[in-house]
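Novice: Letter by letter, the chains look like this.
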Amino acid sequence: MAPQLTLQAPLELPPQEVPDYLNRLWSEGLKEEGGAATFTLVVWEPSWLQQQLIRTGRIDGPISGLLNEPLLQAAREAVGQLGLPASTAPTAPELAWALGQQPGHHSADDLRGQFVDRAISAHQPRRLITLAPTLAADRPLETLVAAYCPLSDERSGGGDACGDVVVLRGGMGALQQGLPMLQPLIAAELPCWVWWNGSLDESPELLEALAVGPRRLVLDSSLGTPRRCLDVLVERIAGGQAVNDLNWLRLRTWRESLAMVFDPPSRQSALQHVVQLDIDVEGQHPVKGLLLAAWIADRLGWHLQNSSWLEADTSTEGRGILAEFQRGDGQTVQFRLMPVPVGVSKTHPGALVGMRLICAPADRAPLCVILCSESGGCMRLEAGGVASMELAEEVVPLPNESEEMEMARLLGGGHDSTNPLLASAATLAAKLLPS
Amino acid sequence: MPATQTNPLRVGLRQERVIAPQCLVIFGASGDLTHRKLIPALFELFRQRRLPSEFAVLGCARRPWSDDDFRNRMAEAMADDVKQHHSAWQQFAACLFYEPVDLQQNEDVVRLGTRLEALDRLKATRGNRTFYLSVSPAFYGSGCRALAAAGLLRDPARSRVVIEKPFGTDYSSAEQLNRVVQSCGQEQQIFRIDHYLGKETVQNILVLRFANTIFEPIWNRNYIANVQITAAETVGVEERAGYYETSGALRDMVQNHLTQMLALTTMEAPGRFDPEAIRNEKAKVLQAARLAHEDEPWRCCVRGQYGPGGTVQRPVAGYRQEPGVNPNSTTETYVAMKLFIDNWRWQGVPFYLRTGKRLPKRLSEVVLTFREAPVHLFDAAGGSPTANQLVLRIQPDEGAGFVFDVKAPGSGMRSRPVDMHFSYDESFGEPSDEGYVRLLADAMLGDPTLFTRSDEVEAAWRLYTPLLELMEDAPSQLPVHPYEAGTWGPSAADNLLADDGLMWRRP
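So the sequences go chain by chain: U and D. Just so you know, we're using the working numbering here: the first sequence kicks off at 18 and counts up by one. Just so you know, we're using the working numbering here: the second sequence kicks off at 103 and counts up by one.
Note that these hints are calculated values from the structure, not bench results. Where hints are given, some of them may not hold.
To be verified - Keeping only pairs whose Cα atoms sit at most 25 Å apart, straight-line, the calculated SDA-like set for lysine to any residue is:
#1 Lys225(D) with Gly117(U)
#2 Lys225(D) with Leu199(U)
#3 Lys448(U) with Leu115(D)
#4 Lys440(D) with Asp602(D)
#5 Lys386(D) with Glu302(D)
To be verified - Residues from chain U that face chain D, not an exhaustive set, calculated with beta carbons under 8 Å:
#6 Thr55
#7 His122
#8 Arg272
#9 Leu317
#10 Ala329
#11 Asp433
Idealized CB from N, CA, C, for every residue including glycine.
Go ahead and model the full structure; you've got the sequences and the hints to work with.
Specialist: The structure is reproduced here in structure tokens:
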């Protein structure tokens, strides 16, 4: 789905004039049109990776904030050139940081906030506010404003409504100073979504300021240090905020594939007899794997007994996690999460490579369920004596939706509370991650 | 569909499309359908987190209820559900509103528009509206006109109308009603409900046919000898005598539900899974369908009416003895007929449709009987060889079965039929959504795939016009044969197939 540009070139205004300008616009110039009674979307859009790839001459501009194939290709090439582990995902903050150490002075137009994915614009946001930090930390604050209404021949029948786009661009310090002007731009009577489209490690004070309740927060727990990612998730959920995690949403195909294996009632009793759970992930980011394990444990009523780090061996790419759960009947379930090397990493850190669930009912042969990512093998999980068991092996399809599509789904039918399954899984995943 | 056990990993995992923020407006909110089907279906969607938080239901009827009256009455009608999911109900009930509206009164409709704008602001429903006409069919046309006149259907992307059955009482009334509703909005805004299409197993006909390569090559006149479609009910007319007396089995069941099953079973493969592509194919095949004897329709149709039956301990009243039924009623409670479809795929293949009340079993099924093997090499254990049959069980015991011959155990080489069996319960365990859950969700999503388009409705009525005209003009030529309650209908219906050397399948 091709992104769309705003219909008119944004108008650059002094920051202090933006609220008044928009008020005047809606009360005078566009009074007859009426603003869309939809929602406000605030996007934290650092796009460090794209900025650094452009600066170092690895891709051409403009800076759009969108992940596209040339960008991902250039990022994967940079992983090798910079000597990072092959399993480093293109979107991993470490890559952008490493690129930041490289020389380069290329520049490009910065169109962040002006590229609106069609899936998102179809929901007619009443106001789309983008915070676009620049690499130059001392760059002063620029504010750009564009209002739009559908052209008369594009109107579907009279109900289309107008919206506006506001972009705050500048160095980190300037953006911090510009924060006070945000509050009056967010209509209290409409739902507001805050999409933290960057690492959770950076600018915690900015996250605090932007994502206040009852605004709905969208984040990605694959971006940032695992402890910080899980802590933010858990704190926000415990505080009653509606939180959506794109990393959790990307687990959907894994959860669906596993549920499918146990749909036949004849298999369901085996779920009461799980004795072992193994999950392999790409690289050193275990959060997605932990969320999957926590979801399984929560659904099957297991209680966490202990968890610890497992030292690396030759088949892995770092420390794993070992844990024990207790089932409802008092039996123990062993859990192991291992980071494994991959040749070509997927887009996001910590993507799942494979999963193995072993059930040992007393009255029948053991059942071994292996789920394997579409893009790679999982021979490690297929080894280890599973040949004697009843084997259910499935290939999990890769999700084929962009971040913007996922975001559009959330915007299109959002909830003002956190999905209870995510709430339970995040809490347990945070406990599973050893300190 | 009963669930034998629940898969704990399945909870919350439906990969559903997302319903946009919107207001569902139910006209006839004080009626039975609202508290028996619509609000329970919406509550189910709410509990499955398939409704957005920016959502409102506005009940409309003539009664001067308040929002709280409406909430309380719905809670009373759904007492068990409310008790079981008390806190969810509290949240859901906050989305329920009520406005006294008589669609025939202009000032009421204007007030409705104002209330909807207020709800848009209160619930941020973005001007998206689904109007559900759960009112007497006599008011479908005037209701649409009133909504259009008030500008409430102006935006086809944001407003739509759901219309309950029956859509017309014959071809000309359906055509006229189509003209009226299409003058009020675009076809894409009109959602004509046929709740059979909300059934998982009816939708499965499409998947079974077009997701597998093994069926389509033999799904035609070269391999299929005949098709039987049955919808049998054990219940009588119950509380619906008033409606049923003017309708009868042909209008109540055949023109809509059985015809939809016929269309899904016989349509060509659509080029893509797209509402219009599917509905194009359904309309085309219905336009090619005809009664086996259009000029002498009495030769291909049998009507029946149940008489008293049951046992001494549990006697069952006949139709004419039911409360509200004319003691001399000639309304049919059973109808069976033979059709042909004049196209390359189905030329010459007879389709037998039957439906009735007070039959021995409640079931709906489509049975495709294949042609016999060209040469019988083996003796059949049952005396004569059995034709292969594919049985699509719509309800109950949802699933499919395939009957084929195998070698009977023993020293000889005799064949006998066996049944290969697929059951939704055994494979999935999960209960599927009640039809209204699916259809309401689809209507709010703006997905018309499972709703009938104007040309489908008209083609279906046109198909049965010779019968309806005969019933009107010369009813004695299509007499109503009595049958004992609890039997498989009048013997005349058996003769319909016996003439072709066939028998109804006894499920």
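Novice: None of the hints should be skipped; say for each whether it holds.
Specialist: For each hint, the structure was consulted:
The straight-line distance between the Cα atoms of Lys225(D) and Gly117(U) is roughly 46 Å, outside the 25 Å bound, and the hint therefore fails. As the CA atoms of Lys225(D) and Leu199(U) are separated by approximately 23 Å, the hinted pair is consistent with the 25 Å bound. Between Lys448(U) and Leu115(D), the direct Cα distance comes to roughly 24 Å. Compliance with the 25 Å bound is thereby established for this hinted pair. Between Lys440(D) and Asp602(D) the alpha-carbon distance is near 11 Å, which keeps this suggested pair within the 25 Å criterion.
A threshold of 25 Å between alpha carbons decides the hint, and for Lys386(D) with Glu302(D) the separation of about 23 Å falls inside it, so the pair holds. Because the closest C-beta pair between Thr55(U) and chain D is about 5 Å apart, less than 8 Å, the hint holds. Hint status for His122(U) relative to chain D: violated, with the closest Cβ pair at about 44 Å, above 8 Å. A distance limit of 8 Å between C-beta atoms decides the matter here; for Arg272(U) the minimum to chain D is near 6 Å, and the interface restraint holds.
For Leu317(U), the shortest C-beta to C-beta distance to chain D is roughly 6 Å, which falls under 8 Å, so the interface hint holds. Taking 8 Å as the C-beta cut-off, the interface hint given for Ala329(U) is violated, the closest approach to chain D being about 31 Å. Hint status for Asp433(U): holds, given a least beta-carbon distance of 4 Å to chain D, under 8 Å.
This entry does not satisfy hints 1, 7 and 10, going by the numbered hints stated previously.
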